[in-house]
Each structure stands twice: as structure tokens, then as C-alpha cells.
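Asks: Chains as they are written, first to last, in numbering that gives the first Met the number 0: chain A, 0 to 375; chain B, 0 to 123.
Hints in this document: simulated from the structure, not taken from any laboratory. One or more hints might be untrue.
To be verified - Derived DSSO-like pairs (lysine-lysine); straight-line CA-CA distance at most 30 angstroms: (1) Lys59(B) x Lys121(B); (2) Lys222(A) x Lys59(B); (3) Lys59(B) x Lys291(A); (4) Lys59(B) x Lys41(A); (5) Lys59(B) x Lys316(A); (6) Lys59(B) x Lys344(A); (7) Lys282(A) x Lys344(A); (8) Lys356(A) x Lys47(B); (9) Lys316(A) x Lys262(A); (10) Lys48(B) x Lys356(A); (11) Lys59(B) x Lys356(A).
Said to hold, decoys possible - Derived CB-CB ranges, DEER-like: (12) Thr3(A) x Leu120(B): 24 to 32 angstroms; (13) Ala118(B) x Glu206(A): 56 to 64 angstroms; (14) Pro6(B) x Pro359(A): 44 to 52 angstroms; (15) Thr1(B) x His370(A): 48 to 56 angstroms; (16) Asp117(B) x Pro185(A): 31 to 39 angstroms; (17) Leu119(B) x Asp311(A): 45 to 53 angstroms; (18) Glu206(A) x Asp63(B): 44 to 52 angstroms; (19) Thr93(A) x Ala118(B): 51 to 59 angstroms; (20) Val21(A) x Asp7(B): 58 to 66 angstroms.
What the hints assert, rightly or not - Selected chain A positions facing chain B (in silico; Cβ < 7 angstroms): (21) Gly35; (22) Leu36; (23) Thr231; (24) Leu298; (25) Pro302; (26) Leu325; (27) Val329; (28) Gln331.
Virtual Cβ for every residue (Gly too), placed ideally from N, Cα, C.
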Amino acid sequence: MSDTLQTTPLHDLHLRLGARMVPFAGYSMPVQYGTGLVAEHKHCRSAAALFDVSHMGQVLLHGADAAAALETLVPVDIVELGVGRQRYGFFTNTSGGLLDDLMITRPPAGTGFGDLLLVVNAGCKDADVQHMVTHIGHRCRVQAVPERALLALQGPLAVAALARLNEGVCQLVFMSGGVFELAGAPCFVTRSGYTGEDGFEISVPAERAEALAAALLAQPEVKPAGLGARDTLRLEAGLCLYGHDIDATTSPIEAGLNWAIQKVRRPGGARAGHYPGAATIEKHLAGAAPSKRVGLVGLERVPVREGTTLVDAHGHKLGTVTSGTLAPSVNQAIAMAYLPLDHAKPQHEVYAEVRGKRLPMRATPMPFQPHRYFRG
Amino acid sequence: MTTMYTPDHEWINIEDHEAAVVGITPHAQDALGDVVFVELPEIGRTLKKGEIAGVVESVKAAADLYMPVSGEIVEVNEALRADPALANTDPMGNGWFFKVHITEMAEFDQLMDTPAYDALLKSL
């Protein structure tokens, strides 16, 4: 690990806005601004929050064979992904675990965003690029684009704010994207995010990022929010954080991400298998997954955090919490954990060992906070 | 009224001869962020200086609350238990945590006074 932290193109703006900066995945990132995490979280649920997520990796794949090539690394239907459509996916390893999760978009041809535009996690981006160069570099060109920043504008009023800069963005529905000029810069905008709310992620040239952020913050609905609120928002939305809720040892089926593996890539489908770990993942799909990621709600108002041991009524260890907090909007202790299948059923009660006490928690379907995506 | 401070960013204020009031400093609440949960000690318990007396948790983090001096817990702030955000909005006042009957006054005298604590904050 390097001692010097990288900064995003919005670093100076964060400091001017009074952000508290913390190291995250090798970057100096704002964890919160002056009003604090809870106010930022609630503002995102009620209006619109602007996040700097420029630390995440943006990668373009170039070439007619890019989609078929990428399918050899992800158990996701990329070949039939329509122009302007976006899909969630993950790189798998040979034992069926997850190397990273990512967003995949097929930009309109000739717009300068390649044949596929990928957004990957900051902490995995170097390894992801290496993985693609090694395994599919002979079939398509893999181009990391660190010269672009990434902003997320999230919340029920995000569309109203962004439409004032370019009303064309109103055409987008959840999980679609296209090229729009914003504050004079050519941007790739997708209608998606990591909060459970309607909203957008905006890829912008680094040198225009601050002007765009300023133009968005000038909208009356918009306030900046840090990585702290981003984490509580995604947890309420039941979304996984790589390295915590999913990693190289969890299969997508254990993680409850079955929905992301389309029929065409499953046994019996036209392009079934032929990705790393397919044998294990297919067994898990058929019902052999030993455990399952579940949502838990605390019956007492005490935070239950990552790493907390979960036990049954007799004190036998069942699993470990992978993410947990006292959720600002849900206003309860919520957590995610992997539990054996027979304990993963809704309403099943388990106990969290916190400071020598056993706090009851109940398995609950996720999301904890209903999604409010714009599907048209 | 004398207020003294610990290196763990707690304050203790001698209210009268019977009990001292303990809370966390503005610096501590600012570092923690929005406080959402507190665990307070049992009334009647006797704890030594440095022992864990309770827990204060924000959305992001949990921190232990230490006994600034040895003594017996004589009262806890039920209003803080009900509204943990008091630790943020009024850390030196209504956001107090517990009251302690000090057994070793020498331990109190060894804590930092206001100028010493201000100097500590400046050095951070």
C-alpha cells in the first residue's frame, strides 16, 4: 500500500465544502460534510444528494467481440444487452466466488464510450483491468479511463435538478444511459445508483467535473453527501458492498444475486456456463448453496455492526454480520449476514452477541427501505 | 464548579460534594458524528478509573466510555438514553452521561484542567 493517497478531481471542492476526508481504497474521500451523515442520508431520501464516486474504476471495452468476450468472465447476458441499456454483473473466480461486482452499459455506437462501458469498485479496479487484459485482451481492447470523474446524483428530486441542465435526461429510465451535454461537457449519464432512490451516475471529463458539480450544487434540491451516507443508504436498500457482503469466498447464489444471472446463461440456456466457476454456481442454483445472505432487523434499538457473531437460541454460532448499522430512515438496527439455509427464512429469530449480551434479530426480506426507481 | 478532562475526551465536573457529572467533550462528539445509541452503567456499580463504564455509538462507529475516576455510579441520564443526539447538540450540558461519587479525589486532581485540555486539542 502506498503512503500517498490519490485525490479525485473534486478534492478542492470537498475541502471548500468543509468535508471530513478519510482514506478509502487508496483515495482521500469525503466521509461527510458539515451537516453530518444522518442529515445527508435523509436529504438523499427526500430531495437530492450529490456524491463524488470518482474513485471507482471506469473501463471501456472496444471491439465487435467485446460482449461475447466479457461473457467468458461474467455469468450475465451481455451479448443481448440492448443499446443504451445497463446491467448489473460480477466477475467470478474458478471456485464460484466473486472477484468484483460491476455495472455494464452498452453505449450508442460511435459516441466515444467504446462498445461496453464498465464501472467497477475502486479497490478492485487494477485487478479487474489485469483480469480482463489477461483473459479477453486478445478479443477486445481494454481501456481504463482514469481521466474521467464519476458523480452520483441520487434522490427523488434528482431528475428535476438534472433536467435543468439538460432536459433530455428525463427520457432515461432505470438501468439505461446515454450521452448528454451537461455544463458544457460531454457526459455519459445512466439512470441508476447505489441508494435505492431514483437518480443518475454521470461520467464527466476530469477537468469539467468541478464545474458540473458546482452547477448541480447550485440547484435548490441538491446538497453534497459523503461516503458515510452512501453506505447507510445502500445498506437500507439491501445492496451489497464488495469486500464486506460479497467477496472471493461467496457465490452469487449464496449472496442472493440469482436475479442477475439471466436464463440464457443458466443450464439449458443458449449460452449457458462458460464462465469461471460455472460448475459450482450451477450446483448452487440447483439448490446446493450451503448458506444465504439475509437481512436482519434488530428487535432492540442497538447497532449491530460488521463482524458481530450470530448465534441460535442455544448459543451455537450461525454466522457473522457482514454490514450493520442503526439505519437513519428505517430507524432500526439493520444488518446483513450469511446464515445456514434453515435459519435464513423470513421471521426466523437469531441472536447477535454484542458486549456479552444476546440481542434478538429477525430475518427480514430486503430491501429494508423500498426501492423507488423510475421505470417509466 | 471545576471541570477536568481526560485524554479520552471525556469531561468530569464536580457538581457538589456528593457527585461529579461525566460526559463527552465537543471534540469527541464531533469525531464520532451523529450519536444514535448510548449504553449507560448500572446505578450502584463501583468502577475503577479506566474501566469501561458504557458505550457511545454513532451511525459509523462505536466507542467505549471510560471511568475518568474511581467511584460509585449514583445516577444516569435517562434523557440521553431516550435521545442520544443530546450528546451532539449539548455535550457539556444536557448530553451528560452519568454521575459518580468519587472515592479518590486525588484521581480527579490529576486530570487535565481546561488550559491543559485545550493544549491537547491544539496538538491533535
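Asks: Hint by hint, note whether the structure agrees.
Replies: To see whether the hints hold, each was checked on the structure:
Pair hint Lys59(B) plus Lys121(B) holds up; C-alpha atoms about 25 angstroms apart against a cutoff of 30 angstroms. Using a Cα cut-off of 30 angstroms, the hinted pair Lys222(A) and Lys59(B) holds, with the two alpha carbons roughly 20 angstroms apart. With a CA separation close to 25 angstroms, the supplied pair Lys59(B) and Lys291(A) stays within the 30 angstroms bound. For the suggested pair Lys59(B) and Lys41(A), the alpha carbons sit about 15 angstroms apart, so the restraint of at most 30 angstroms is met.
Simply put, Lys59(B) and Lys316(A) have alpha-carbon atoms about 25 angstroms apart, close enough for the 30 angstroms limit, and the pair holds. A C-alpha spacing of about 28 angstroms is found between Lys59(B) and Lys344(A), which places the hinted pair at or below 30 angstroms, so the restraint holds. At roughly 20 angstroms between alpha-carbon atoms, Lys282(A) and Lys344(A) fall within 30 angstroms of each other, so this suggested pair holds. With a C-alpha separation of about 22 angstroms, the suggested pairing of Lys356(A) with Lys47(B) holds against the 30 angstroms cut-off.
For the hint pairing Lys316(A) with Lys262(A), the CA-to-CA distance comes to about 36 angstroms; that exceeds 30 angstroms, so the pair is violated. Between Lys48(B) and Lys356(A), the direct Cα distance comes to roughly 24 angstroms. Compliance with the 30 angstroms bound is thereby established for this hinted pair. Taken as a hint, the Lys59(B) and Lys356(A) pair is honoured in the structure, with Cα atoms around 21 angstroms apart against an allowance of 30 angstroms. For Thr3(A) and Leu120(B), the hinted distance range of 24 to 32 angstroms is satisfied, since their beta carbons lie about 27 angstroms from each other.
Checking the proposed 56 to 64 angstroms range against Ala118(B) and Glu206(A) shows it is violated: the Cβ atoms sit about 44 angstroms from each other. Hint check: Pro6(B) to Pro359(A), Cβ distance near 37 angstroms, so the stated range 44 to 52 angstroms is violated. Our hint of 48 to 56 angstroms for Thr1(B) and His370(A) holds, since their Cβ atoms are close to 55 angstroms apart. Taking the beta carbon of each, Asp117(B) and Pro185(A) are about 52 angstroms apart, not inside 31 to 39 angstroms as hinted.
At about 46 angstroms, the CB distance of Leu119(B) to Asp311(A) agrees with the hint of 45 to 53 angstroms. Our hint of 44 to 52 angstroms for Glu206(A) and Asp63(B) holds, since their Cβ atoms are close to 46 angstroms apart. Between Thr93(A) and Ala118(B) the CB atoms are about 58 angstroms apart, so this pair conforms to the stated range of 51 to 59 angstroms. Checked against the hint of 58 to 66 angstroms, the C-beta distance between Val21(A) and Asp7(B) comes to roughly 21 angstroms, which is inconsistent with it.
Because the smallest distance between the Cβ of Gly35(A) and any Cβ of chain B comes to about 5 angstroms, under 7 angstroms, the interface hint for this residue holds. Using the Cβ-Cβ criterion of 7 angstroms, the hint placing Leu36(A) at the interface with chain B is satisfied: the shortest such distance is roughly 5 angstroms. Checking Thr231(A) against chain B: minimum C-beta separation of about 6 angstroms stays under 7 angstroms; hint holds. For Leu298(A), the suggested interface contact is broken, since its CB lies about 14 angstroms from the closest CB of chain B, more than 7 angstroms.
For Pro302(A), the shortest C-beta to C-beta distance to chain B is roughly 5 angstroms, which falls under 7 angstroms, so the interface hint holds. A cut of 7 angstroms between beta carbons decides the hint on Leu325(A): the least distance to chain B is about 4 angstroms, and the hint holds. Hint status for Val329(A): violated, given a least beta-carbon distance of 12 angstroms to chain B, over 7 angstroms. Taken as an interface hint, Gln331(A) does not check out: its beta carbon lies about 11 angstroms from the nearest beta carbon of chain B, beyond 7 angstroms.
When held up to the earlier numbered hints, the structure conflicts with 9, 13, 14, 16, 20, 24, 27, 28 and fits the remainder.
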